[in-house]
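Heads up: the protein sequence lines correspond to chains A and B, in order.
Residues in the first sequence are numbered consecutively from 1301, following the working numbering.
Residues in the second sequence are numbered consecutively from 931, following the working numbering.
FYI, nobody ran anything at the bench for these hints, they're computed from the structure.
Quick caveat: nothing in here was measured; it's all calculated off a predicted structure.
Treat the hints with care, as some may be off.
Claimed, not checked - Derived coverage of chain A by chain B (criterion: at least 3 residues anywhere in the stretch with Cβ under 8 Å from a Cβ of chain B; other residues may be distant):
#1 1323 to 1332
#2 1340 to 1348
To be verified - Within a straight-line C-alpha distance of at most 20 Å, the following computed EDC-like cross-link-like pairs (lysine to aspartate or glutamate) qualify:
#3 Lys1581/A - Glu1023/B
#4 Lys1046/B - Asp1063/B
#5 Lys1336/A - Asp1063/B
#6 Lys1581/A - Asp1006/B
#7 Lys1581/A - Glu1004/B
#8 Lys1046/B - Glu1023/B
#9 Lys1336/A - Glu1023/B
#10 Lys1336/A - Glu1347/A
We treat Cβ as the ideally placed atom computed from N, Cα and C, and that holds for glycine.
These are the residues of each chain, in order.
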Amino acid sequence: MSTMLQRPPGLIAPPPDRTPLARLRWTAADAWVMTKRNMAHVVRAPEEVIIYFTLPIMFVLVFGYVFGSGMELPGGGDYREFLLPGVFTMTMLYGLGATATGIAFDVDRGVVDRFRSMPMARSALVAGRSAADLIRAVLELATLVVCGLLVGWQWRGGIADALAAVGLILLLRIAITWVGIYLGLVVPNPDTVGVIVFPAAFPLTALSNVFVAPELMPGWLGAVSEWNPLSSTVAATRELFGNPGFGGDSWAAQHSMLLAVAWPLLLLAIFVPLSIRRYQKLSR
Amino acid sequence: MTTNDAAIVAEGLRKRYGSSYALDGFDLTVRRGVVHGLLGPNGAGKTTAVRILSTLLRFDGGSARVGGYDVVTEADEVRRRIGLTGQYAAVDETLSGRQNLVMFGRLYHLGARQAKRRADELLEQFGLTQAADRSGRTYSGGMRRRLDLAASLILAPEVLFLDEPTTGLDPRSRNDVWDAVRALVAGGTTVLLTTQYLEEADQLAGRISVIDAGRVVAEGTADELKARIGGDRIEVVVRDAAQLPAAAAVVARIGTAEPETDADTRRVSAPVADRMAALTDAVRELQAAGVVAEDIGLRRPTLDEAFLHLTGHRAETDADTDAVKETAA
Ligand SMILES: Nc1ncnc2c1ncn2[C@@H]1O[C@H](COP(=O)(O)OP(=O)(O)O)[C@@H](O)[C@H]1O
Ligand SMILES: [Mg+2]
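Go ahead and model the full structure; you've got the sequences and the hints to work with.
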């Protein structure tokens, strides 16, 4: 402790390079450090991930086996095959909580103050969060696919279609991540965020085609369900996986493929700029 | 002193929250290579000043340069040259101490191996090697503060901001932090240290700026500040508290200002002009008045008294009573 705390020779931050390419490299390097940080959190606190996995697996078991035997699909088909694409997408939605809490935790703890007092790219914290959540989503999806195969789910289309379906699910996840980042920045209290997210996410899954075909819902509920962004992704992936339960009479149901791309892009167009503005405004 | 030899220059900084000003014409110049104390009670604006100077906070008026660079227009240059240890430890508590330091080193764009080596050095210097691979959550308050300090020293910054670095620490950890600060300054770093503890400013800082209600109300070395409130004081301790009024009457005749009486310690004191004359007069007049003195002495004022004189209220006690009033209201 009492040794001299001198600057070790040669230990200086590289001077900032202002060319666009150099700035991009600088930002990417910082974002990668932040990505690794978030992955290290998962390794350090695996219980969070385990809790996070139990929910979708429970939904598969409860809906697939307990209620599922009584469920009928309008066009016929196996209910568990209908259910799994819904659970994949729903799991992406529940990632919102982890994203928002993680960001709120950072802001609350003042570690963001240190980041902001360093020569670090301003967007690296949020970009790193988004990248780490995408990596997590890939792992989650892989696990769920294995669980699905175990309970009898399968894809009936080609491998290209299946990969396209996975792409749509991950695209929605990226959009949801940015909603979560924004939430975490607006409500900078980790406990509040956790309390807000679940009651908001649950009705969103209930009012969708995840568990029940909207045709079977009473009139206006069915319409709301069909326009729900989750439903578009679920319907599109059902179609791509060759699982039952897509299509319908409404415009939204017939254009689910288009909407499955448009909804996430719209969310990104709104929440990416909002989040970055909000992050910069933390300096007030 | 020109702007160029100064590590920190703030001119007329203003920061408004709602209708009140946290900083209201804040001026500060800090020479390179010294510890400069920013001393003031709770709510005086110390944290606000530090956050502005470390590029974290926007402000409504004035200008500031750190290490020769403008904190607004050249914020990136400033950030390459500063370290910050805030009032609350700004480390990632899920990660281990080592992971934290390597991460911050990488964010300063040190190479992977260099960042690791620097982390090891700092862990060693701050006595954290044993706990290096444990999660920050398991650290004690003092360990966390040391980790925080280590994180702000990765590049051994030109200018280090320490915002109440010892608040809430036990005496041993506090001494560790003080040692680290002294060692740093010996290595050429400029330190701006905020504190509510007069003792801390007196111990560490060559120069002290006293801040109250968002502006600097006095500045100088500890000795200069003490001298400014009237130089030497005569102090009489009586044996019997009943004789305090009589003693006060004597001291009032000798001193250059109203005496202060402290019943608890049976002490009467007042500033004096001529040291030796005051002392002999006091001995003679107290004897004549039949006052039995336990102790008669001359001393320089404490920094506490200086603070009282400069701001019109006491440093710590007033902040405390304000807090009580607020909760009562
Ligand atoms: N975010 C904020 N919003 C409103 N008022 C604030 C905020 N931060 C600080 N203040 C006010 O500004 C004044 C100075 O605060 P601060 O700089 O934290 O003082 P110190 O660090 O000396 O205790 C206080 O009156 C405080 O209440
Ligand atoms: Mg403060």
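Quick rundown of the hints versus the structure:
Against chain B, the stretch 1323 to 1332 of chain A contributes 3 residues with a C-beta closer than 8 Å to a partner C-beta. That satisfies the three-residue criterion, and the hint holds. Against chain B, the stretch 1340 to 1348 of chain A contributes 4 residues with a C-beta closer than 8 Å to a partner C-beta. That satisfies the three-residue criterion, and the hint holds. At most 20 Å may separate the alpha-carbon atoms for a hinted pair to count; Lys1581/A and Glu1023/B exceed this at roughly 24 Å. Between Lys1046/B and Asp1063/B the CA atoms are separated by roughly 13 Å; this keeps the pair inside 20 Å, and the hint holds.
The straight-line distance between the Cα atoms of Lys1336/A and Asp1063/B is roughly 17 Å, inside the 20 Å bound, and the hint therefore holds. Taking the CA atoms of Lys1581/A and Asp1006/B, the gap is near 17 Å; set against the 20 Å cutoff, the hint holds. With a CA separation close to 18 Å, the supplied pair Lys1581/A and Glu1004/B stays within the 20 Å bound. For the suggested pair Lys1046/B and Glu1023/B, the alpha carbons sit about 19 Å apart, so the restraint of at most 20 Å is met.
For the hint pairing Lys1336/A with Glu1023/B, the CA-to-CA distance comes to about 15 Å; that is within 20 Å, so the pair holds. Under the criterion of a C-alpha separation no larger than 20 Å, the hint pairing Lys1336/A with Glu1347/A is consistent with the structure, at around 18 Å.
Checked against the numbered hints listed earlier, the structure breaks hint 3 alone; every other hint is satisfied.
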